[in-house]
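Protein chains in written order, with the working numbering: chain C, 1 to 281; chain Z, 1 to 310; chain U, 1 to 351.
What the hints contain is simulated information worked out from the structure, not anything from laboratory work. Glycine included, C-beta positions come from ideal geometry on N, C-alpha and C. Where hints are given, some of them may not hold.
Stretch by stretch, here's where chain Z covers chain C in the computed footprint (C-beta under 8 Å, at least three residues) [said to hold, decoys possible]:
#1 112-118
#2 130-138
#3 163-170
#4 190-202
#5 245-253
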Amino acid sequence: MADPKKIAGGVVNFGVIAAFTGFAAFPFAWMVITMFKQTKDLLDPAHNPFVYNAPPTLEHLRVLFQDTLFLHWVGNTLFVGVLVVLITLVLAVPAGYSLARLTGPAGEKLGIGIFLTYLVPPTILFIPLSRLVALLGLQDRLWALVLVYPSFTVPFCTWLLMGFFKVIPKDVEEAAMIDGHSRLGAFVRVILPMSVAGLLTTIIFSFTLVMQEFVYGLTFITSSKNLTLSVGVPTFLVRGDVYFWGSLMGACFLSSVPIAILYNLFVDRFIAGFTVGAVKG
Amino acid sequence: MTAPALARPGFVERAAGVSDSARWLGRLMLAPAVLYIALVVAVPFLMAIGYSFSNVTIGTSTPRFVGLENFRNALQDPAFLKALGNTAIFSLVSQTLVIVLASILAIALQRRFRGKWLVRLLILLPWVAPISLGSIGWLWIFDPVYSVINWTLRHVGILGPDSWPIWLGQPNLAMASIIGVHVWRTMPLATIISLGGLSSIPQDIHDAAEVDGAGFFRHLFVITLPLVLPILLVAVLFGLVFSVTDMIVVYVLTRGGPFDSTQVLASLAFFKSIDGGDLSGGAAVALFLLPVLAVCAVLLLRLARRAEVV
Amino acid sequence: MATVETRALRKEFTGHTAVDGVDLTINEGEFLVLLGPSGCGKTTLLRMIAGLESQTSGDILIGGRVVNDLPPRARKIAMVFQSYALYPHLSVAKNIAFPLKAQGAPRESIAGEVDRAAKMFGIERLLHRKPRQLSGGERQRVALARAMVRHPDVFLLDEPLSNLDAKLRNLARDELKQFQRRLGTTTLYVTHDQVEAMGLGDRIAVMSGGTVRQLGRPQEVYDEPADTFVAGFLGSPPMNLVPVDGVLVGFRPEQLLAPGAPASEGVGPAVPMRFAVERVENLGAGRLLYGTLPDHAPDQKIIVSLAYTVHSSIEAGRTYDFRMHESNLKFFDPGTGRRVPARPLPARRSA
Ligand SMILES: Nc1ncnc2c1ncn2[C@@H]1O[C@H](COP(=O)(O)OP(=O)(O)OP(=O)(O)O)[C@@H](O)[C@H]1O
Ligand SMILES: [Mg+2]
């Protein structure tokens, strides 16, 4: 049925999607275009900015990798990320299971309480935390971030995992308990292996949260070689007032797109956890 | 259980008691997370409240209780009042835009089409990419000399030869730019969450509306939107929390300028306490966010209860 | 009121055919039941008639008018979904009023119509509730009220009773039939439950693999199945199909008469048939016997059902002289499964 109304609807639909996709992706497309442009091409107001007026160059990326601390920051981010993910798993997995299965109605309230702590922003906490970090002698050390970042990954992941554990049928662990496991044994031997997807999701999201964090990094770290990507790129790739746009855009693109692709693979689970967790309590 | 269990009944019984008792095991498994959160969230939170009633600075070692002085100072400080107003404008406007745009986009995305996964990936990018880096991208797009927006507007003929807006340098434009970047940043979350809400409406409901004779707009406004509204509101409340408390966009794009026209509470608290060393003043400013957050939290919990029945 | 007709209706989904050339006519005011196993295309056929799914080829006529290109709202149909599809955020009253508002009925008349529909289904006191506050049976009535409130030409119902428990289902079935009688609206009803089909339908269309295998009155479909599929699908337990000398001989489990059971009147003489009983199942309301016919097909297991009123003592492991009216035997081609003309039962084989 070639209904003209339907065709018109399809065209409008396509237009809306195209416009929004363009809006969302434009800055990233712009990063890609910029990172291969010669500086003299970039900084000529007469040039059409959408095309390469001079041949593309890899010079900006060479500078980024060889002459800046970019790779160092990548290393720092991975270091903090891995440790924070580990701490998060150790704390949030048992807590999520406990809230989903063991603590009953009191746990439900507690779970909501834990989730609410996720809403307390760094903006309120960074002032006293900077004092605590100083007290522990961790100023300007990555360990300060390792210590503080779980404050937002743990509440969030506990909530997420609680949602995952809730949808596993109770029969499964009851069967395991009848087959001779203790409750704890049933959790470790049966529930955890069933929850691999949930655990992976938790890992990806903790890591993403770590990558995105800015305020604590900005506050606790002072020397450039100890920064993570999200702080280092916007603050130390700018020398004086000179913006090295090519390298800067390269750094932004390379540090955000890979994690975004990884995240995308898990986003459905994340949304399910986010909403079902949030909605069904 | 096994042989050693019989040999040492006392020990095993106790061990089995813990690993089998839902109550004790539950507490044991929950305790580390709760302790950790208490240490790194609850304690600093209380400290922040303490600071706001004292005169502590980066230098002082013996803070003194000063009562409500910090709050009084803040309320008399034009910069603070300006930031308060900016925060309100900027979060309300950006989240209103988000609720409208995200529902339009989510409804458009409901159809199946080829390459949908790619579209979804692209639409999610602003949300997933570290916002400090995304903001740097915008900084280049808003560049006073090389702004691609201006170049395009001029070549399309919208901008005359003598107008050349400085996006981040003129107060109203700067605010609009900050709002735009925030919409860009929080829309993906609202869209994907609404899309989840939309797809959880059973097809039968849509079919029934169609058989019952509903046209496009009745279907949309009487059936579809009311059904996703609770979940859309959840998304928007999260967006509100993120935007009210965010200082990154402002920090990277304008540092609050020009003339404090884009200063928000979060960025003001940062500049006051870290750059200015006035920890107690900064804490007091940040604590003004608390009522907003509390209201959001209460609304979220209420909605959570309502949304459950959909 | 209107007739509904489909002509060579086909629906292909990518890779397979869900409805494969269905010609069907539903008469005015008739209650026609579409019966078939899961996945045979019943819902797809119904949705095409409703206009929710577009056909690959073929025509749909409602009231003699081709409606192929009309959207659902223009077809003057109402539909009751398996899930009832009540609008969860609207009260019962608003649910029922929805179709009226959608067709732009004058505001003053809506309340009256809603009340009338509610009264008809006995749900007046539920009008202010939300669907989630209703029991399954109440939801079903609300769905029916919503369907009939704007006097559609045709009712389409997709397994509306399958979410009810067994007891409520019997009751609701009876109610449904009465409402339909009273309203006299042409109705197409989809189910995979043969009891429902037999009890409700003026006629039954038995579907399988996207085609209609047989269309007829319930008793007709039961007594004179057109092929082995229909024979095997209807009846519980289904018809016995025994290969004898190159044909399939079919008879219903209750048609083999036990020694001492009275023969039926007016169906011709009963011929003897020996039955070797292997197992007896007592069901309370009757008995099921499992065994073979040693003289006709010693390798084919068959089932015989004895009514409560038959008191003959039957034991497993023994062979009895049962009888059978020859006119009850149906013959099928083992290749195509189609009915073939009756013929004398081949002569007894010597053991
Ligand atoms: N949208 C669709 N896309 C692809 N295949 C479909 C679609 N809808 C139905 N089918 C297929 O068409 C066939 C017929 O489906 P239909 O829903 O009509 O069966 P049904 O007879 O109603 O079964 P049931 O009794 O289980 O409801 C099935 O094999 C089904 O998988
Ligand atoms: Mg069906």
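Hint by hint, which ones does this structure get wrong, listed from lowest number up? 3 and 4
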